[in-house]
Amino acid sequence: MEAGKAIRRVVIIGQGLRGWLPAAYLAARFPDGRCQINFVETGGARTDDVLLARPSIRRFHQLLQMPERALVETAKAQLSHGVRARAAGGAILLPFGQYGYDHAGAEFQQYWCRAFKMGKAGGLGRYNLAAGLAEAGAFLTQTPKGQPALDFGYQLSAAGYCALLQAYARGHGAVSFDAADGFEVRTDEGGFVKTIHLAGADLECDMVIDARTEADVLAAGETPDLGWQGNRLYMPSHCDADLPGLELYSLVEALDRLIALWPDKDFLACEREEYNRLTYAERDRVSDMKTLLEHGVIGVTQSDALARKISVFSNRGRIAAEDHEVFTKPEWLAALIGCGIVPAHYDRLVDRMSLEDLLRWLASIEDGIGRTVEQAKLAARVV
Amino acid sequence: MSEAKQIDNVVIIGGGTAGWMSAAGLASMLGGTGLSITLIESEAIGVVGVGEATLPHIKFFNDSIGINEAEFMAATSATFKLGIEFVDWGRLGDSYIHPFGEYGLSNAGIGFHHYWLKQKDHPETGPLDLYSLPIMACRMAKFQPPSADPRSVMSTYRYAYQFDALKYAPFLRKHAEARGVTRHEGKVVEVNLDPECGDIQSVLLESGEVIGGDLFIDCTGFFGLLIEKALETGYERWTDWLPCDRAVAVPCESAGPLLPYTRATADKAGWRWRIPLQHRTGNGHVYASDFTTDAAAEQALMENLEGAPLADPRVLRFVTGKRRKLWNRNCVAIGLSGGFLEPLESTSIYLIQEGITKLLEHFPHTTDFSDDAEEYNRLIDLEFERVRDFLILHYHATTRADSEFWTHMRTMDIPASLAEKIELFKTRGRIVKYDRGLFLSPSWLAVYLGQGVVPDMYDNRVDLLADDDIAGHMQGLKSLMHKSAAAMSDHGEYIVANGMAGAA
Ligand SMILES: Cc1cc2nc3c(=O)[nH]c(=O)nc-3n(C[C@H](O)[C@H](O)[C@H](O)COP(=O)(O)OP(=O)(O)OC[C@H]3O[C@@H](n4cnc5c(N)ncnc54)[C@H](O)[C@@H]3O)c2cc1C
Chain A
1 MEAGKAIRRV
11 VIIGQGLRGW
21 LPAAYLAARF
31 PDGRCQINFV
41 ETGGARTDDV
51 LLARPSIRRF
61 HQLLQMPERA
71 LVETAKAQLS
81 HGVRARAAGG
91 AILLPFGQYG
101 YDHAGAEFQQ
111 YWCRAFKMGK
121 AGGLGRYNLA
131 AGLAEAGAFL
141 TQTPKGQPAL
151 DFGYQLSAAG
161 YCALLQAYAR
171 GHGAVSFDAA
181 DGFEVRTDEG
191 GFVKTIHLAG
201 ADLECDMVID
211 ARTEADVLAA
221 GETPDLGWQG
231 NRLYMPSHCD
241 ADLPGLELYS
251 LVEALDRLIA
261 LWPDKDFLAC
271 EREEYNRLTY
281 AERDRVSDMK
291 TLLEHGVIGV
301 TQSDALARKI
311 SVFSNRGRIA
321 AEDHEVFTKP
331 EWLAALIGCG
341 IVPAHYDRLV
351 DRMSLEDLLR
361 WLASIEDGIG
371 RTVEQAKLAA
381 RVV
Chain B
1 MSEAKQIDNV
11 VIIGGGTAGW
21 MSAAGLASML
31 GGTGLSITLI
41 ESEAIGVVGV
51 GEATLPHIKF
61 FNDSIGINEA
71 EFMAATSATF
81 KLGIEFVDWG
91 RLGDSYIHPF
101 GEYGLSNAGI
111 GFHHYWLKQK
121 DHPETGPLDL
131 YSLPIMACRM
141 AKFQPPSADP
151 RSVMSTYRYA
161 YQFDALKYAP
171 FLRKHAEARG
181 VTRHEGKVVE
191 VNLDPECGDI
201 QSVLLESGEV
211 IGGDLFIDCT
221 GFFGLLIEKA
231 LETGYERWTD
241 WLPCDRAVAV
251 PCESAGPLLP
261 YTRATADKAG
271 WRWRIPLQHR
281 TGNGHVYASD
291 FTTDAAAEQA
301 LMENLEGAPL
311 ADPRVLRFVT
321 GKRRKLWNRN
331 CVAIGLSGGF
341 LEPLESTSIY
351 LIQEGITKLL
361 EHFPHTTDFS
371 DDAEEYNRLI
381 DLEFERVRDF
391 LILHYHATTR
401 ADSEFWTHMR
411 TMDIPASLAE
421 KIELFKTRGR
431 IVKYDRGLFL
441 SPSWLAVYLG
451 QGVVPDMYDN
461 RVDLLADDDI
471 AGHMQGLKSL
481 MHKSAAAMSD
491 HGEYIVANGM
501 AGAA
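If you read the protein sequences in the order shown, they are chains A and B.
Under the numbering used here, the first residue of the first sequence carries the number 1, and numbering increases by one thereafter.
Under the numbering used here, the first residue of the second sequence carries the number 1, and numbering increases by one thereafter.
For reference, chain B alone in the conformation it holds in the complex (with noise of 0.2 angstroms):
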């Protein structure tokens, strides 16, 4: 590398939530020290537009960089989102909800669900969707906003949004140019390297601009235009166990009360999913091409609508993986251009809020980085590592056989990380830890009883409490938990009181 320069001029090009949210994310956290940050965006290639629902990390990243909830809900025409609803997944006819909570409360360190399977038999049990406050929340289509309280049973979940993926970039466009963020307008055509180093130097824009930056930021989705297209970065393909490539979407007219929660309902090839927003509601149907038609896909999701479309339906092809390395030279990739992992569980924006967060964390003062890259490289490989296991479960848990592509994905070899993971959850109960990786053991746990994977045994040491105490502590939970959930507001009416209905 030549001599190590100074990083004044960061050039993001892309203006879809990947690049706003990051120019966002720069200007509010670096805008003070005399960083320069240019956005290129062309609206002759336009954005992906879908990708709807989210984790509840993005409350934390919009509160950082001082976004106001109610102005963010109402531009966007968002809704409240506890949960994520699994239909037809372990069996068809199967229903489970992945809260963003706990279930019941821990007990002497043993687990709750230790509890919950020593008792499961009893007549009065139930299943375990009784004892989450935001999955009886859900299925109730109430929602209020958690206590910060630790001793309040309400402080037991946390929750993210629904939203018009056509509308946060856009508003989050004017948050950053408020904060200095220059915008241009127009298509790159060329990415031009430095001879003698092969970092990126600047690219031309069709209009002949040429614009330079010492960082770039690729944000210009699936063209990955710097980090592949002009980096040659390569690309780690995980079709083998994720083999869903195609997903064909439609908005429609909404029907019914308003749920804080998306729905994933699998089919014969693939899932369909279902986000409800305030004016209306997203619909999609992920799928494996080797499996079944686009005129296939497209039928089965326009037979499941619940209202009227009101647009054609869009294929949108992908290739699950991710680049070889998401910093590569002088580029960053964040984003689609980055990687994808099919939105079942709502990660990709998660994982562009990582990229940016990372990168802050990382954030270069000269071109002399490569010990930065190579540490944010490995952090962000982890993640989305971390995701992939967890997506491989919802499709290897299952005892479906009723199509080529179940018993496809129920039989195949899986990741031994993976294959452990159940074992132990399948002996006896035990949910393997790590102290980073996005979803926790609540997650697992929802996703292994949701979909059958049923233990073998409970933690013993649940044997030291009489059966009577825990069945009359389970009763109190269930009924605490009840009554919490359907003393909250109704979901739709809690938008519209609070200010946050938005004006479609």
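Just chain A, with the same shape it has in the complex (with noise of 0.2 angstroms):
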């Protein structure tokens, strides 16, 4: 490897979380000082104090070796196993767990799709533990033996969890610098940001990580962008109140990709291209959540994914996954069940199953699920 090529600056620009954030996962991932952050902090203050971190933040938080009583003292975590989305026929639990059990070749609705079109079962949200936990306001961090596969993730006191992770970048060599009076980006004829010129210093850089809200960035009169262009890389500004949870997702995924491809000096076209086509991915995935808990599945123009989605699902109960989802399969579930589809048809696999068998199949489930959650909730009283 040439020395000289190697990015030794990154300066990332942006708003308490939004620059913490990365800050932290870079001091991380180059631990020996070998890359300096610095983080030029931009004025204007967030205005949630409630987030929502879906399970893949425990991956975050591996890499930063962040202890759970950190997490919950400094950042008041709460376990979390559902996001509560707002949708156009009222709230929407999307579950961080499966839904049943898959059997012998067929997926779990596919047999309660069966019982409930002849009355014989209820809604799909008693069989998915973590649904039932979510609406019991329990928690468990552990799937109990026998029970449908659970995960969670966290609901944070915003304010808390910038300190933590501001304390961390700090401890392990980033640097801040003020700049609610405003700030100035240098580049080169080519369009590569050499410097960030602020009132008191210039800070040269071999990259920059714009960490901006799409909304800050309107307002200092830029355009916005969503991906890498050049040496700058926008982070993605997925923030949506009716569906918490993608702004702490997709700042993480987006230091990911960008690790998975991390450049040097040369800033290679394929590198760039390809992060984008991940990135675009991630934007349209979530579009086509937000379109189908905003309008419903008639009404309004679908991208092809999501039409797809709607008629496979509404003719046979089954998802039609992408490539690179953002959503598991049971919160795609949740939601359009949520939006009042009840497919026409099952697979024809669960026939194999007698009625008798089914229905006690079904109950034992429910029945497992109800009682987990009736010790889940005595277990939060007694602690």
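Just so you know, the hints here were simulated from the structure itself, not pulled from any lab data.
Ideal Cβ placement from N, Cα and C applies to all residues, glycine included.
Treat the hints with care, as some may be off.
[Said to hold, decoys possible] Chain A side only, calculated, beta carbon under 10 angstroms to chain B, not exhaustive:
#1 K5
#2 R29
#3 D32
#4 L63
#5 P67
#6 W262
#7 V312
#8 S314
#9 R318
#10 H345
#11 R352
#12 E356
Two chains, two separate frames, one set of hints: put the complex together.
Encoded structure:
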């Protein structure tokens, strides 16, 4: 490797959590200080106080070796077993865990659908432990034996979480600069950012991570971008009160993508293109979910992928997954069912089970989940 | 479409590997749901009878329909397969193995090959192959089933089979008939379409018997009797990228130890396969008739046999590509009737299996199934295309210039999606990820490095570890792989000792 080509100075532009998160992430990835992380902190403050972190955040916490205790004490972390999304027809819970069990080549909802259409089963949510826990305000960190697989994320205090990340980043060599009074981005003829000019300092940089929100970029009179151009990478700005959890998720995912394609000063086009391909795929999958929740199944222009999801589900109760999905199958199931779709058909494989066995099986799953939720509620009270 | 009616009768035409796999799969999974399954085959026409090398997925198919492994192996004279060896592909004299398993162990989220790339010029490092357990086992002619314990190095590979193509279908036939499949011997001479909606209504046998059905599965091989002759579905040709269009095949006596892998040796205008079975070796030469003659191709095949031929060489013709719709009206094409990709990566039987699995998943209740068909076709098309790109890579990533064929392949235009993948690997060893698609990172890695696509740089996060630490770790891995492979059973002995040897 030619040492002269390595990226040694990264400047992050942003505000609060949106800047400290990439700072902490990169500080953890470059522990020996061979890459200096400077954070140019712009003005403005967050208005939300609670943040949802989807289950994938736990990989990020592992990278930082973030103690659970710090999360609880400083970031007021509470476990979360699902996203409460606001939809056209009311709230829908997108659960972090499986519905029942797949069995003998058919997915669980296919079994459920057969019984439901005969009026012999309740809502699909009764067969989801994560949904049960979320509705009851109870928590479990591990899937109890013999229960449908369960995952969890966190509810976090935005300010507390930001403080944690800030302390981590600072502790690992990141330095912040106040730019409440403005800053200037200086580029070379090729459009590559060379320095960030501040009132008190000129920060030279090999790469810029622009973590401002889309609104902030617009307010500064610039054109927002989603991807990576030249040596400047814009952090995604998915943020939506109706569908919580996307902001943290997309920041961490963007950094995972960047690190997997970490450039040097040559900034190869193919690396950017691959990063952008994945970034646009993420944006499209997110926008499919938003469209579905906001507008339901009819009456609005849908992407091909969303139209397919709706038609395949309406017909067969199957989730037509794309490459690089953001939301898991159970979340899509919850959303599609929550929008009022009952599949026209269920898998024929399901008919191999006698109706009697099917109903008994469904009842036992519902029962097991009910009991587990009760126990978890009791345990919560004791603690 | 006229009024939708319940699907009660499935009729499969063709009794080759595709036909009997479909029959066995459907009967095992849907037999209990009141579905009647009929299979029509004609001894007079016969089967293709090549197609002996498989991918690890077939074990899942066999397991899920309740096949006993030892019985299956004995009945089909099968051997185990841990990978495919490619000889003379990147350049003359080269050899590498595409293993059914991982290389090394990844570390800190960075693929093992990046560590190897950094260290590759160090005298102690050696080729990447030394860090793959299945490759080491192949080179030593060893076999042992993998471990289910994810902490064990013995869990880093999977295996497939090499079997007698003429024996697998009859073996499945017994299985399928025991689960209620009705078999008719006879040649289909006419396909009757519904005059109103154009769907297939029935088929007429030479005997005069008419067999009707709700859903038809076309397993008539290259004939495509229903999907093409009757329904005129159309064919998408991929011959610009994959110009091989013929094969000549011959079995011969085996020589040397029983190898747990298939070999594909690049020739002047195509490539030759060698597939070791228990009682003989299968051989063939796939070639492009635009670049060589039948006689020259046969000569190259016969000159390279390791033992005496056991039959006369047989020529097969094909057109690489696939039907425009694998599921058209009430007909699903599975097997060679649906499309053909040359057997370089042993994908045909895998594609049959995918056809069956996806059909089971989308199996219609009534004749109103256009949505099912559309989704089925989208998923199967994706499978075909991703296999296609991977095959093209083998031909394109070469420095060979010793024949017109190789010069053509080396310099031709390739699909844009593949060109991007190659560039990303070439620059810094990145492998493009997809959620679906048959071949995963280790497969791409094997072919890239095996055929001389060596990245200009490695992932520079590797520099975070001290060189001595990496070197020490790699030495440890290398000797672990070597020791673990050496401790496995001899492949041939394992088959005999476990009651898997056939009578033949
Ligand atoms: C050169 C070559 C090498 C290959 N190597 C491999 C390999 O290594 N690995 C791999 O996985 N695959 C390989 N394949 C593919 C593999 O051989 C086929 O996928 C497999 O044999 C399935 O064939 P099939 O059942 O579709 O067709 P066939 O074997 O051709 O069977 C067709 C059936 O249809 C019946 N039939 C046809 N017309 C009529 C009619 N009018 N009436 C009644 N019945 C009819 C025939 O009797 C027969 O039973 C190879 C193929 C070729 C050509």
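Going through the hints against the structure:
| no. | hint | verdict |
| --- | --- | --- |
| 1 | K5 | holds, 9 angstroms |
| 2 | R29 | holds, 7 angstroms |
| 3 | D32 | holds, 7 angstroms |
| 4 | L63 | holds, 9 angstroms |
| 5 | P67 | violated, 20 angstroms |
| 6 | W262 | holds, 6 angstroms |
| 7 | V312 | holds, 5 angstroms |
| 8 | S314 | holds, 8 angstroms |
| 9 | R318 | holds, 7 angstroms |
| 10 | H345 | holds, 5 angstroms |
| 11 | R352 | holds, 4 angstroms |
| 12 | E356 | violated, 14 angstroms |
In this structure, the hints that do not hold are numbers 5, 12, in rising order.
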